[in-house]
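Generate the whole structure from the sequences, applying the supplied hints.
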Amino acid sequence: MNEKSQRQVFTYLQKKYIENFVGVPDSTMKFFIEEGFKRKAILIANREEEAIGIATGMILSKSPALVFMQNAGFANSLSTITSLVELYQIPMLFLIGWRGFLKNDAPEHEKIGQIQPELLDSLGLENRILTDKNFKNNCDWALSKIKKNKPVALIIRRDFLD
Amino acid sequence: MIRREAMEIICNQYKKSIIISANGFISRDLFSTLEKNTNFYMIGSMGLASSIALGIAIKKPGKKIFVFDGDGNILMNLGSLVTIGSLQPKNLVHIIFDNKMHESTGGQPTYSETIDLSKIAKASNYKIFKINSKSSLTKILVNIKQNAGPILLLIQVSKSKEKSLRVDIDPVEIKRRFIKAIN
Numbered sequence: 001m002n003e004k005s006q007r008q009v010f011t012y013l014q015k016k017y018i019e020n021f022v023g024v025p026d027s028t029m030k031f032f033i034e035e036g037f038k039r040k041a042i043l044i045a046n047r048e049e050e051a052i053g054i055a056t057g058m059i060l061s062k063s064p065a066l067v068f069m070q071n072a073g074f075a076n077s078l079s080t081i082t083s084l085v086e087l088y089q090i091p092m093l094f095l096i097g098w099r100g101f102l103k104n105d106a107p108e109h110e111k112i113g114q115i116q117p118e119l120l121d122s123l124g125l126e127n128r129i130l131t132d133k134n135f136k137n138n139c140d141w142a143l144s145k146i147k148k149n150k151p152v153a154l155i156i157r158r159d160f161l162d
Numbered sequence: 163m164i165r166r167e168a169m170e171i172i173c174n175q176y177k178k179s180i181i182i183s184a185n186g187f188i189s190r191d192l193f194s195t196l197e198k199n200t201n202f203y204m205i206g207s208m209g210l211a212s213s214i215a216l217g218i219a220i221k222k223p224g225k226k227i228f229v230f231d232g233d234g235n236i237l238m239n240l241g242s243l244v245t246i247g248s249l250q251p252k253n254l255v256h257i258i259f260d261n262k263m264h265e266s267t268g269g270q271p272t273y274s275e276t277i278d279l280s281k282i283a284k285a286s287n288y289k290i291f292k293i294n295s296k297s298s299l300t301k302i303l304v305n306i307k308q309n310a311g312p313i314l315l316l317i318q319v320s321k322s323k324e325k326s327l328r329v330d331i332d333p334v335e336i337k338r339r340f341i342k343a344i345n
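First to last, the sequence lines map onto chains A and B.
Residues 1 to 162 (my numbering) make up the first sequence, in order.
Residues 163 to 345 (my numbering) make up the second sequence, in order.
Where hints are given, some of them may not hold.
What the hints assert, rightly or not - The list that follows gives simulated cross-link-like pairs (lysine-lysine, DSS-like), each with its CA atoms no further than 25 Å apart:
| no. | chain 1 | residue 1 | chain 2 | residue 2 |
| --- | --- | --- | --- | --- |
| 1 | A | Lys145 | A | Lys133 |
| 2 | A | Lys147 | B | Lys307 |
| 3 | A | Lys147 | A | Lys111 |
| 4 | B | Lys281 | A | Lys62 |
| 5 | B | Lys301 | A | Lys40 |
| 6 | A | Lys148 | A | Lys30 |
| 7 | B | Lys177 | A | Lys150 |
| 8 | A | Lys62 | B | Lys177 |
| 9 | B | Lys226 | A | Lys62 |
| 10 | A | Lys62 | B | Lys296 |
| 11 | B | Lys342 | A | Lys148 |
| 12 | A | Lys145 | B | Lys307 |
| 13 | B | Lys178 | B | Lys342 |
| 14 | B | Lys281 | B | Lys262 |
| 15 | A | Lys40 | B | Lys252 |
| 16 | B | Lys342 | A | Lys62 |
| 17 | B | Lys281 | B | Lys198 |
| 18 | B | Lys296 | B | Lys226 |
| 19 | A | Lys133 | A | Lys30 |
| 20 | B | Lys198 | B | Lys177 |
| 21 | B | Lys178 | A | Lys62 |
| 22 | B | Lys307 | B | Lys177 |
| 23 | B | Lys342 | A | Lys16 |
| 24 | B | Lys198 | B | Lys307 |
| 25 | A | Lys62 | B | Lys262 |
What the hints assert, rightly or not - Which bits of chain A does chain B cover? Going by a derived footprint, with three or more residues having C-beta under 8 Å, they are:
| no. | segment |
| --- | --- |
| 26 | 61 to 74 |
| 27 | 77 to 88 |
Said to hold, decoys possible - Just the calculated beta-carbon pair ranges, DEER-fashion:
| no. | chain 1 | residue 1 | chain 2 | residue 2 | range |
| --- | --- | --- | --- | --- | --- |
| 28 | B | Thr276 | A | Ser79 | 22 to 30 Å |
| 29 | B | Gln250 | A | Ile115 | 38 to 46 Å |
| 30 | B | Glu275 | A | Lys111 | 34 to 42 Å |
I should point out that these hints are in silico values taken from the structure, not numbers from a laboratory.
Glycine included, each C-beta is placed from N, C-alpha and C at the ideal position.
Spelled out as structure tokens, the structure:
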């Protein structure tokens, strides 16, 4: 996703519904996070599960929250997603950076990049991939789901190498 | 003092408080001590009670938020002490019932036996109270009414002989009534 779209995803979600953005940084969504910092709306956690915990507290206080993370952190969070978010039906919006999407990404991302779609399916966590073209539609889709008490994920692909 | 006794003293002084309780015997003890809608029994996701409480404390600055935590639980999410200490929520009271073991899984030791958790919390800019008797607990509970948080009460407790009953409320119902009660 290009810089402009990433910044627009942030402002769009904030304008439409989301009041809190909690997470662990990921370079795939660097500009999304940067835009959030510019607007003083980002809370950084030490680990992804911690971010999910904090966001859960905010949602219980009726303040909608998004949790952002890299897919490595998504793998860290599996038990928290099943035993907190899904068990209590916490309407949380995840934004996950898809490392290992490109076949020649760094080796540590290869395996998780491969199994990520299956992991999301196994969890039953509905998800859509954001692109420069479709992001408004897919953000609207995600917001409509969490308004109906369903946790969902939006995915940003790592479509460049560095 | 066992954990249930400590909880009874706390719940007696703060009858209507908002409490996030850690999984395992801690939530079970709270459920048996004072069941109410403003209790959020976190029955899974070990380690995250203080993080959930932080999220609420940020959003509800006018309300005192209690965490009922354990040594095993906080050791699983030590980073939470650093985040809470950095954000300095004045309304957060973090209570750790420290039995120096994973009592819920059979009494295996934790490292709180060798490392003093209050020192870590102190380095993270918490206000610290170490408690090992019922009388000092009662006194400090009065004292913290005037104190701004984040506050840590590290309460030394011994192993309980009896098990409290499991929380038998459906998690979605725990959430529904909690949201209704605190908002």
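(message) Run through the hints listed earlier and report the numbers of any the structure violates, in increasing order.
(response) Violated hints: 2, 3, 4, 5, 6, 7, 10, 12, 17, 25; rest satisfied.
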